[in-house]
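Chains as they are written, first to last, in our numbering: chain L, 3 to 284; chain W, 3 to 308.
Please note: incorrect hints may appear among the correct ones.
Here are the simulated DSBU-like cross-link-like pairs (lysine-lysine), alpha carbons at most 35 Å apart as the crow flies [stated by the list, open to error]: (1) Lys114(W) x Lys216(W); (2) Lys240(L) x Lys172(W); (3) Lys199(L) x Lys114(W); (4) Lys240(L) x Lys229(L); (5) Lys274(L) x Lys136(L); (6) Lys172(W) x Lys72(W); (7) Lys199(L) x Lys229(L); (8) Lys72(W) x Lys229(L); (9) Lys216(W) x Lys303(W); (10) Lys303(W) x Lys136(L); (11) Lys199(L) x Lys216(W); (12) Lys274(L) x Lys199(L); (13) Lys72(W) x Lys274(L); (14) Lys172(W) x Lys303(W); (15) Lys136(L) x Lys240(L); (16) Lys240(L) x Lys199(L); (17) Lys114(W) x Lys274(L).
Listed next, the stretches of chain L that the computed footprint assigns to chain W, with coverage defined by at least 3 CB atoms under 8 Å from CB atoms of chain W [claimed, not checked]: (18) 59-71; (19) 202-208.
Facing chain L, a subset of chain W residues (Cβ under 10 Å, in silico) [said to hold, decoys possible]: (20) Phe53; (21) Asp57; (22) Thr60; (23) Ile238; (24) Leu293.
It should be emphasised that the hints constitute simulated quantities derived from the structure, not laboratory data.
Beta carbons: idealized from backbone N, C-alpha and C, even for Gly.
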Amino acid sequence: MNRTRVARILGNGLAYLLLTAGALLVILPFLWTVSSSLKTPAQLHAWPPEWIPRPVMWSNYVRAWTLLPFDRFLLNSIVLSIVIPLIQIALAATAAYAFARLQFRGRDALFLLYLGTMMIPGHVTLIPNFLIVKWLGWVNTYQALIIPPLFRGSMVFGTFLLRQYFLTIPHELEDAARIDGCSRWGTFWRIILPNSKPALATMAIIAFKTEWNTFLWPLVTINDYRKMPIQVGLSYFKSAADTQWEVVLAGTTIALIPIILVFLFGQRYFLKGMVHSGFGGK
Amino acid sequence: MSRSSQPMGKRPRLNLRRQDTIAAWTFLAPNLAGFSVFMLFAVAMSLWLAFQEWDLLTPARFVGLANFRKILTGDPHFWRVMGNTVYFAVGLVPLCIATSLGLAVALNRAIKGISFYRAAFYLPSVTATIGISVIWTWLLNPEYGLINYALSWLGFTDLPQWLYSTTWAKPALIAMRVWQQSGYYMLMFLAGLQTIPDHLYEAAEVDGAGRWSKFRHITLPLLSPTTFLVSVLLIIDSFNIFESVYMMTQGGPGGSTETILYYIYTNGFQLFRMGYASALAWVLFVIIFTLTLVQFWAQRKWVHYE
Numbered sequence: 003m004n005r006t007r008v009a010r011i012l013g014n015g016l017a018y019l020l021l022t023a024g025a026l027l028v029i030l031p032f033l034w035t036v037s038s039s040l041k042t043p044a045q046l047h048a049w050p051p052e053w054i055p056r057p058v059m060w061s062n063y064v065r066a067w068t069l070l071p072f073d074r075f076l077l078n079s080i081v082l083s084i085v086i087p088l089i090q091i092a093l094a095a096t097a098a099y100a101f102a103r104l105q106f107r108g109r110d111a112l113f114l115l116y117l118g119t120m121m122i123p124g125h126v127t128l129i130p131n132f133l134i135v136k137w138l139g140w141v142n143t144y145q146a147l148i149i150p151p152l153f154r155g156s157m158v159f160g161t162f163l164l165r166q167y168f169l170t171i172p173h174e175l176e177d178a179a180r181i182d183g184c185s186r187w188g189t190f191w192r193i194i195l196p197n198s199k200p201a202l203a204t205m206a207i208i209a210f211k212t213e214w215n216t217f218l219w220p221l222v223t224i225n226d227y228r229k230m231p232i233q234v235g236l237s238y239f240k241s242a243a244d245t246q247w248e249v250v251l252a253g254t255t256i257a258l259i260p261i262i263l264v265f266l267f268g269q270r271y272f273l274k275g276m277v278h279s280g281f282g283g284k
Numbered sequence: 003m004s005r006s007s008q009p010m011g012k013r014p015r016l017n018l019r020r021q022d023t024i025a026a027w028t029f030l031a032p033n034l035a036g037f038s039v040f041m042l043f044a045v046a047m048s049l050w051l052a053f054q055e056w057d058l059l060t061p062a063r064f065v066g067l068a069n070f071r072k073i074l075t076g077d078p079h080f081w082r083v084m085g086n087t088v089y090f091a092v093g094l095v096p097l098c099i100a101t102s103l104g105l106a107v108a109l110n111r112a113i114k115g116i117s118f119y120r121a122a123f124y125l126p127s128v129t130a131t132i133g134i135s136v137i138w139t140w141l142l143n144p145e146y147g148l149i150n151y152a153l154s155w156l157g158f159t160d161l162p163q164w165l166y167s168t169t170w171a172k173p174a175l176i177a178m179r180v181w182q183q184s185g186y187y188m189l190m191f192l193a194g195l196q197t198i199p200d201h202l203y204e205a206a207e208v209d210g211a212g213r214w215s216k217f218r219h220i221t222l223p224l225l226s227p228t229t230f231l232v233s234v235l236l237i238i239d240s241f242n243i244f245e246s247v248y249m250m251t252q253g254g255p256g257g258s259t260e261t262i263l264y265y266i267y268t269n270g271f272q273l274f275r276m277g278y279a280s281a282l283a284w285v286l287f288v289i290i291f292t293l294t295l296v297q298f299w300a301q302r303k304w305v306h307y308e
């Protein structure tokens, strides 16, 4: 008995050691980035490297900001990362309700076909969607940034997630409202949606993350700085600032902070989406 | 059961199904309309494009199977980028499984601070690959980077040039990806570990099983459905490497890190070969699809479902 206790304590100690080393490996690059972004060029190239910036060069951030319009990049990304998830949730929730609760011919076949589109990888639809956008005259517009990205695999997945969630809401709740003369829309709006807040929040936060980090689509459709979201802006910025690494890293820090904040505050929704679905965040 | 409690008297029962049908299509219309254009029509168009030659300036020209024939027999560059992509997959899949499984096993116990570690490991997978790529380009800087500093501190001399070296650029990109993604797959393993009942381990302990034999004979087999899912996702992931290559190496040095997706991008959006890029996209799709099917077929041999 005593031996197993000793073994357990040893095992936990070993686990702590491994986990702490791992956590340091993960966190140090981030801290190193922030530290480097506040250094003078001379200190940046000091050998051996120094951790504490002396003096603290806040002006690197000003230089980053004057080089390219980070305020526009951030504003664009914030708007896109809120507007796209909101529309996606509206479209996914209504479709999920139809798939979960309404009776109509061909429902299950349609649902399967709908789910099947998840197998189509983004790289297959990239070129045709670019051409569609070009025909519509949407190159360099916000329509291009908002409308085609709504209909990605992640929305199919969101619809699936919400449908599964709606199925767990007891029919009795809805039936009571129907007896009181509530329409289908009314039960959806007043019964189903308010009872699905956790699933909606999970979908919202995962969609936010996807939009904040999106890169390839805006890269090919936008070349006007004023309409660029942050990741594409950052990639242009990296070439513009070239070898001034203190400025490059200041820009990178600006781009990373919002999503890290969202992660810290919305962590449990990320984890929920992950654990419940097995695919969260993809 | 729910059918019997529909509203009585107010509306004729016969119409309920019709009402449902109308409501359903109204609820579905906006979603399905968008998907018809940007998914179904786009897929059809991509198929059509794969049989054309089109540079967007002159009209598209039907070329039959010429694009596919060129990919498979007349384009050494395609095999080069496929080789690179396979190199990435072969490096990434086992390494990522090993680190994420290791972290999950270490984390799956009653110790303090679990939520801190879990959050720390998960964090890099939430942050954008573009930003992570910039950070790692700086870390991997041969002269001033933290990584070479750490190596020299450990006593290594003759340090790698990382992203400037045809030998070391690929391992560097793999290391970055393992660093970024392990926390994500760790969470999947953690969820899998928590479904293994304690009494199995207790029974094994009574029989005198050691730590390793418990891991080997209980944890690994019972975790195999998760391992299977993780390896399917990881293979898809490693065939889709693009952003890190775009940001860190632009496919270089000497084409040593150019992946298939990067090759599709340059063909489509820098050389404006719409037909050829679409054909490449379908070849990639077929490869990923086949690999996934093979994994589903092979799982019967090693995945244990209860």
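Hints, verified against the model:
For the suggested pair Lys114(W) and Lys216(W), the alpha carbons sit about 24 Å apart, so the restraint of at most 35 Å is met. As the CA atoms of Lys240(L) and Lys172(W) are separated by approximately 21 Å, the hinted pair is consistent with the 35 Å bound. Proposed proximity of Lys199(L) and Lys114(W) is supported: the alpha carbons are some 30 Å apart, at most 35 Å. For the given pair, Lys240(L) sits about 18 Å from Lys229(L) by alpha-carbon distance, which is consistent with the 35 Å threshold.
The hinted pair formed by Lys274(L) and Lys136(L) fails the criterion: a straight-line CA distance of about 39 Å is larger than 35 Å. Restraint check for Lys172(W) and Lys72(W): satisfied, since their Cα atoms lie roughly 27 Å apart, inside the 35 Å limit. For the hint pairing Lys199(L) with Lys229(L), the CA-to-CA distance comes to about 32 Å; that is within 35 Å, so the pair holds. Between Lys72(W) and Lys229(L) the alpha-carbon distance is near 38 Å, which puts this suggested pair outside the 35 Å criterion.
The suggested pairing of Lys216(W) with Lys303(W) holds, with an alpha-carbon distance near 21 Å, which does not exceed 35 Å. Restraint check for Lys303(W) and Lys136(L): not satisfied, since their Cα atoms lie roughly 49 Å apart, outside the 35 Å limit. Annotation: proposed proximity of Lys199(L) to Lys216(W) is violated, straight-line Cα distance about 41 Å (limit 35 Å). At most 35 Å may separate the alpha-carbon atoms for a hinted pair to count; Lys274(L) and Lys199(L) meet this at roughly 13 Å.
Restraint check for Lys72(W) and Lys274(L): the C-alpha separation of about 47 Å exceeds 35 Å, so the hint is violated. Of the supplied pair hints, the one linking Lys172(W) and Lys303(W) holds, its CA atoms being roughly 32 Å apart against a limit of 35 Å. A hinted pair counts as satisfied when its Cα atoms are at most 35 Å apart, and Lys136(L) with Lys240(L) qualifies at roughly 27 Å. About 40 Å separates the Cα atoms of Lys240(L) and Lys199(L), which puts this hinted pair outside 35 Å; it is violated.
Between Lys114(W) and Lys274(L), the direct Cα distance comes to roughly 21 Å. Compliance with the 35 Å bound is thereby established for this hinted pair. Counting residues of the stretch 59-71 of chain L whose C-beta sits closer than 8 Å to any C-beta of chain W gives 0, which falls short of three, so the coverage hint is violated. Beta-carbon proximity to chain W at under 8 Å applies to 0 residues in the stretch 202-208 of chain L; the threshold of 3 is not reached and the given coverage is violated. Among the interface hints, the one on Phe53(W) is violated; its C-beta lies about 13 Å from the nearest C-beta in chain L, farther than the 10 Å criterion.
The criterion of a C-beta within 10 Å of any C-beta in chain L is not met by Asp57(W), whose closest approach is roughly 13 Å, and the hint is violated. At a threshold of 10 Å, the smallest CB-CB gap from Thr60(W) to chain L is about 15 Å, leaving the interface hint violated. Given hint, Ile238(W) at the interface with chain L, holds; its Cβ is 8 Å from that chain's nearest Cβ, closer than 10 Å. The beta carbon of Leu293(W) is not positioned within 10 Å of any beta carbon in chain L (closest approach about 12 Å), and the interface hint is therefore violated.
Of the numbered hints given earlier, the model fails hints 5, 8, 10, 11, 13, 16, 18, 19, 20, 21, 22 and 24; all others are met.
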